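Undergrad: So the chains spell out like this:
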Amino acid sequence: MASLGIDVLFKGTNFLRLLQGLWVSIEISLISVVLSILLGLIVGVLMTINNKILHAILKVYLETVRIMPQMVLLFIVYFGTTRVFGWDMSAEASAIFVFTFWGTAEMGDLVRGSIKSIPVIQFESALALGMDKIQTYFYIILPQTVRRLIPLSINLITRMIKTTSLVMMIGIVEVLKVAQQIIEANRKVSPNAAFGVFLVVFLLYFIVCWPISRLATYLEKRWA
Amino acid sequence: MDKDILIEYLPLYKDALFLTLKIGWQGIFLAFLIGLIGSAILHFKVRVLKSIVGVYIEIFRNTPLLVQLFFIYFALPKVGIQITAESCGVLGLGLLGGAYMIETFRSGVEAIPVIQTESAASLGMNQFQILWYVILPQAISISVPGLLANVIFLLKETSVFSTISLMDLMFTAKDLIGMYAKTIECLFLLVVFYLIMLLPISIIGAVVERRMRYGQFGD
Amino acid sequence: MSELLKVTHLHKEFGPNVVLKDINLSVKKGEVVVIIGPSGCGKSTFLRCLNGLEEIQSGVITVDGLPVEAGKRDITKLRQKIGMVFQSYELFPHKTVLENIILAPTKVQKRTREDATREALELLDKVGLVDKKDYYPRQLSGGQKQRVAIVRALLMHPEVILFDEVTAALDPEMVHEVLETMIALAKSGSTMLIVTHEMAFAKAVADRIIFLDKGDIVEETSDVKDFFIQPKTERAQKFLKTFAYE
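Residue numbers (numbering that gives the first Met the number 0), protein chains in the order written: chain A, 0 to 223; chain B, 0 to 218; chain C, 0 to 245.
Don't read these hints as lab results, they were simulated from the structure.
Note that the structure is predicted; figures quoted are calculated from it, not measured.
Calculated lysine-lysine pairs in the PhoX-like style (CA-CA distance at most 20 Å, straight line):
(1) K173(B) <-> K176(A)
(2) K44(B) <-> K71(C)
(3) K77(B) <-> K187(A)
(4) K202(C) <-> K27(C)
(5) K5(C) <-> K27(C)
(6) K213(C) <-> K240(C)
(7) K155(B) <-> K13(B)
(8) K125(C) <-> K186(C)
(9) K71(C) <-> K5(C)
Based on the sequences and whatever the hints tell you, model everything.
TA: If you want it as structure tokens, here you go:
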């Protein structure tokens, strides 16, 4: 059998380019995750407030994110906004916008869930000890929610990284796109390169995501 | 928005929806099967197979579907495994979904107290009878909200099928935008058709979850 | 009378904790043996061992001459000879009363549905629950659930039935209905091994009393009346006294 294309990766700067492509995805993910966590905390707290209008708006927001594929959102923002508003958003900015939009909803729901899961008696017993509302929140409620939230937020990072693979569809040159370019450039010399190169991309994603999700699982078990 | 354009494109989107649904449901069915078998293997702690299932779950939960599809569709033929785009979609979705379904079923099974197993055992049932008549019916009904969430997740994931040139909704939208530059109309139809596909399931999911929370057998 | 259940030199431990040490017991057909003792003395574990739900470290348990070994393939055959009723009833929540009762007879013993149903209804009638046959477990009271659980065990025609504190989870006013069912069962000649905290019931139903403490059989007697008036061992005296003051 002819070579399966692993050798192609060691030609010139090919492997380095692949890693740079991967870094593009990771960079977009990290920026989006940080924004999502910050905005998610706010949205999550807003969701616990009893206000009908606020509730309805957030509900529509959450459902939109739940139902629409991220790819559709990406298309709407990247192609649609230029059309409707005449904005010229770069592909990277569109990606970060969409993933933050999505991540904030996910994070907000997690924050709401963990605040709601703290028994009311915890609030009451803190108040009974003479603490005021802010003290209760700060010393009693938040420490308990943060513990629950950390593993879940870490999990969000892996989901974000996996989802960023979609950005090649709006023309961002990330790892998959680089892989395609490498395969294309070596079509003549190494016709089977697709196997080796895509296998390596597969493994790269796994190597990045697996330790992170193990960490999340570990923390979840430890702090359960 | 141009109404004539919408009407003109409608049939194309309809065909795309049917293709998405066809591949989607086949993939989900495969995922369901893998989920049942895999969780049974984990439940019975079958030697060797148990480790294989564990590795499978980790691999498919920690890589994007897009990369899995690329690997199946573009890489495997190089080692002699030819597969059509449609089968690739079904297989990719099934393998990805299976990894999630196993976990869903397993947490359902784990939610059933051990003493239920023991009381079934004390009636002389064997392991398979216990699983089939006592544990699974309870586990599946506990898992229903999780299963529906998986179904929604998987149907959403079908949006990457366009990358292996399956003419799904995404492909159709992209194709039409590229060809005729009717961006707004195309995106509008895209959203509408995804809503048609996913909104009913989402609503069913919400209803079921509420019923699960407040109702039990015997209502 | 023939010997149905025989336990010799049974030894059971959970890690470093010895739960049962060198237990010997023999139960004849038709006998009703009541096991009493303080909480944590190993009574429940003992019953679970008899049904192969717990592995034992050494010793032999036989039913009808056949060895009970946890984890063995033919344990299911043996379990058909040994019924068990649990403290928490453990009816299957997704099945109606009737379905709960006929599940094992039809699936394990391959009896026909009609045959199993007919007998189930007969037995349900005896315990006064025939009108509840299509209810789901959660629609029943604790006492009703426990009587269904007893019928469910009975329909397998076990040679001996183990009762593990079957009234402990019930409200006091429901205890009576369950105990009555069990007394009727004892009178009909069933072989029963009962773990209970109900002393008056023990006195009424037992052919033999076993007093278990710290994993040991401290006292064993067929003079049931005498035992409750004047037990021979000091530990049993102390145990019964605490009950008297309760």
